Amino acid sequence: MPTVIVNGKEIQIPERPRLNCIQAAERAGVEIPHYCYHPGLSVAGNCRMCLVEVGTRDPKTGKITMQPKLVPGCNTPAVEGTVIVTQSEKVRQAQAMVEEGLLLRHPIDCPICDKAGECLLQDYYFQYGQKERRADVKPFTSRRRDLGDVTLFVDRCILCTRCVRFTREISGTKELMVVNRGAHEEIDVVAGHPLRNNLSGNVVDLCPVGALADKDFLYQQRVWYMQSHPGVCTGCSTGCSIWIDENQDRIYRLRPRDNPAVNQWWMCNEGRYGYHHVHDPRRLTRPLRRGTSLPSPDSGEGQGVRASGSPGAATNLRSVPGLPSSAENTVGQANRGTQDTTRWTDVEWSQLVKELPERLREAGRLGVLLSPFLTVEEAYLLATFIRSVDENAVVALGKIPRWGDDERFPQGFTVRAEKCPNRRGVGKVAAYFMQKWISYEDVLSAVAAGEIEGLWVAGGYKTDWIDPAEAEQFHRLRLLVVQDLFPSPLTERATYQLPGAAWAEREGSYVNHADQLQIVPAAVRPPLGVRTEASLYWELLGRKGMFQARKVLDEIAREIIYFSAAIGPVPETGIDLKSNLLAEGGEMQGLTA
Amino acid sequence: MAPDRGVTVAQYEPVLSANFHKPDGHTLAVYQAGGGYDTLRKTLKEKSPKEIVELVRASNLRGRGGAGFPTGLKWSFLPENHPGPIYLCVNADESEPGTFVNRVQMERDPHQVLEGIILSGYATRAGTAYIYLRYEYPLCFKRLQQAIDEAYAAGYLGKNILGSGYSLDVYIHRGAAAYVCGEETGLIESIEGRRAWPRIKPPFPAVEGLFRKPTVVNNVETLSCVKHIVERGVDWFKSLGTPADPNDPRDPGSYGPKLYGLSGHVSRPGCYEAPLGLTARELIDEFGGGVWGGRKPKAVVPGGLSTGVMSADELDTPLDFSAPMKVDCLGLGTGCAVVLDETYSMVDFLLGSCRFFAHESCGQCTPCREGTHWALQMVRRIKAGHGRLTDLDLLLEIADNIGILPGTTICGLADGAAWPIKNAIRKFRGEFEDYIRRTNAGGWMVTEPVPALEADSGQWTVGSCQ
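One line per chain: the protein sequences are A and G, in this order. Under our numbering, the residue at position 66 of the first sequence is numbered 66, and the numbers go up by one with no gaps. Under our numbering, the residue at position 108 of the second sequence is numbered 1108, and the numbers go up by one with no gaps.
In short, the hints are calculated from the structure, not lab data. Quick caveat, the model's predicted, so the values are computed rather than measured. Where hints are given, some of them may not hold.
[Unchecked claim] List of simulated lysine-lysine pairs, DSS-like, C-alpha gap at most 30 Å: (1) A:K90 with G:K1427; (2) A:K215 with A:K174; (3) G:K1238 with G:K1047; (4) G:K1422 with A:K90; (5) A:K131 with G:K1045; (6) G:K1422 with A:K69; (7) G:K1159 with G:K1050; (8) G:K1201 with A:K63; (9) G:K1213 with A:K69; (10) G:K1201 with A:K90; (11) A:K174 with G:K1213; (12) G:K1326 with G:K1201; (13) A:K69 with G:K1296; (14) G:K1022 with G:K1142; (15) G:K1047 with G:K1159; (16) G:K1045 with G:K1159; (17) A:K90 with G:K1326; (18) G:K1201 with A:K60; (19) G:K1159 with G:K1213; (20) A:K131 with G:K1383; (21) G:K1201 with A:K174; (22) G:K1383 with A:K138; (23) G:K1201 with A:K69; (24) A:K69 with G:K1326; (25) A:K138 with G:K1045; (26) G:K1042 with G:K1142; (27) A:K9 with G:K1201.
All chains, full assembly: derive it from the sequences and hints.
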């Protein structure tokens, strides 16, 4: 392993991949400031912020010879005997000069700039800049230019060309370019060919200053108010690692979290802007039971039929026709004993936990449709619960949302047609319980044939996933529990409709298309009245204490061979379960699609 | 062009400019009548490419484009036994202010240039040569194209040249008037059809150049010299010019003939040939007929604007590759001197220089993009009568910190921008200070920073917000 010396400290770096001085210094805990260099893009070497002094140590004599010139750290490979000096007076002067140059025509409008707080120009000014402005260059004209998917604050740009290189190398769409020359240079697009591609949001993350702004995030939130939580994008089966930036349980933006095993540094716009449904006012927020009372009086004791009185109640259920208002609901309480199946009754969660097992048992033969939006832990707990009620219950994977074709970009980044995060993981759980593969269509025909009388449908679907005709096929069920985010033709038919938590509100693990398991914590709390799936299942199973995804995953890893690699610690980048596919052996093969 | 055959240095007989004054010297017939293409015919039969590379290397020929890099050494960087293609780029993007010798060569003797190209292409095993021609040279374009057509017709170009088995195609690529395209990797980017942002090195063009293939980039005059080295031999070449400094083992010397250009305040501006090492004073007095109107010289730009300026007492400096550095100039540059007479203001000189480089900076590296622009703003303010003495120090600080010599930029444009600033202020500081004191009586001594914004003056406006 080559040894390099960074500021007098010797460190070992790997032979492959070859590192440059910035990366080598990073391993030694030394930050070399840089703007234009990005590990995912080609080296441009134009910002000149990463200038360092470099020399070589003679392997025999140990004598160090320094190069007379400063060199850019980004374009200088670190090899055996490379000596990197980042704190000399010469380097400090060069950094101060570059910083001063970049600020000559920069508007310094940090108070109204979205990037303030996470801006490299700002940070480096304090660390490396001149204390005093010496230039009398007229700084700015405050121009803003619409480039298509993003907006450009022309004067803030420092011409690092990361965005230009991104559209050429990663998205391959080549919309962005540099126009004009010298100090008049700007980023622009050809008229009539705006920046429009499914990866365009990444240029905003790449921008080291506030020049490229996200139209979705613009002026929404100051970055220092937000907290970042690691997450997994649930937009498609790529399962990009992301940061969820939230403030007071409201998500303001999603950013890619670099993960060489999954998404590298990128994510698509579909996923990036696909969080708005989390805060949609139409979401289900109350558990409801069809009818004004329980069918049998003995189990009706202590039923929590009361109006929530929340102003959102009417809105929540607006799309469910024939639903009584909450005022009528209270009236319905007076008519206890007379069953009216067109009406809905609010049920307390505590009451629900008491009555659900009993109602399921009464229903007869059971089935459960595990949504591919569930986490592995949730799927496992729900299936375990249903099996505890009916040990022959059918456990199947729910409907897989899929549309279009995979969208593949030149460097390999792929937006998948399968628009759910966890088909692999949930499918493996279902396969573990069933020993044979049951498709969604099989369940539908079993329902139609009367072979399943009580069904639990776990949803979490972001969009309209079922049409009335399809929902009609569930009409023979005696009991239908639908747990979902939004009202749908199926919730209309449900015996119980339970509000589900959105992906950012749940902790647990997801397995992407390539068998990469990632476990993430919850980023925000669910809206008032909503319980996360896992905590409900935990209580239904009568388990003690709080639900903890990591502990359940341990249990799953011991139970199910496919997940056994997850028994140890799972790193932030996730863990590859592929090796266990072989260990599963022949009998499990072909059980999942 | 005023030919003055009477004046030569050491009875030197011109070779590079031998055909310049022949009527119809640009045609194949006249060129061949003077023995043109004989060398090519002989060499293709008798010498291997390797022998020519050896010859050029032994001659210590240094690039005439400005930097003076040894040509043979550059060629030897090409990978051995490369399957090809290898490209030869001819740098005819002569945009250095004050420089015009390549234009004279291409207009008056394009076949000499072509013969040099074919020989160099043969030596470097290049199958295609691109002549990157400055857009502002329409007559060069016409005559070069005519010469290329003639050469194809005569079998000097194309497949299997003169039955030797060597093939070469030559294309002219016209630039679009950008100074930075004269930088070799900028030139390569431009031929590839991209923005002429010089590439970061390494890799050098000899390893990965045009279309990511090994590429040699040489100046027009350099390639013409190759022809004469092959024709007349290394000994002839080394008998001309300034020998290498025996105390400096890294000095390859300055050998061979050189076309000097002379312009500015002289009686007979023009293109003159002499062995390297001609002093600026000889050039002005013997070739140029002295400074015009009987005036005295004040300063001389030794070889294109980017080499800086020499003051009047430095005129005995030989114009070879090393001597100008001893008087703090950047180097020989293109060997085209510009003379400023005693009435010319150095403030005007600096303003013109800063304007040129701020305009031509490609804008890739921060220090050059911002430094040249900032310097221009300051010199403009000085010129407008709002200068302060501290500005001079700030200008020097900018100039000392930009360029490839301190290592802060990718290409040498910033060095070229820095040298006129450094030289003008360091060598003529008194004049600058007098000017500032005279024009800014109330404020020349102020040291506080100048405010960038004067809100009530209407100096700045908020542009349209879309």
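- Message: I'd like to know which numbered hints this structure contradicts. Please list them from smallest to largest.
- Response: 5, 13, 25
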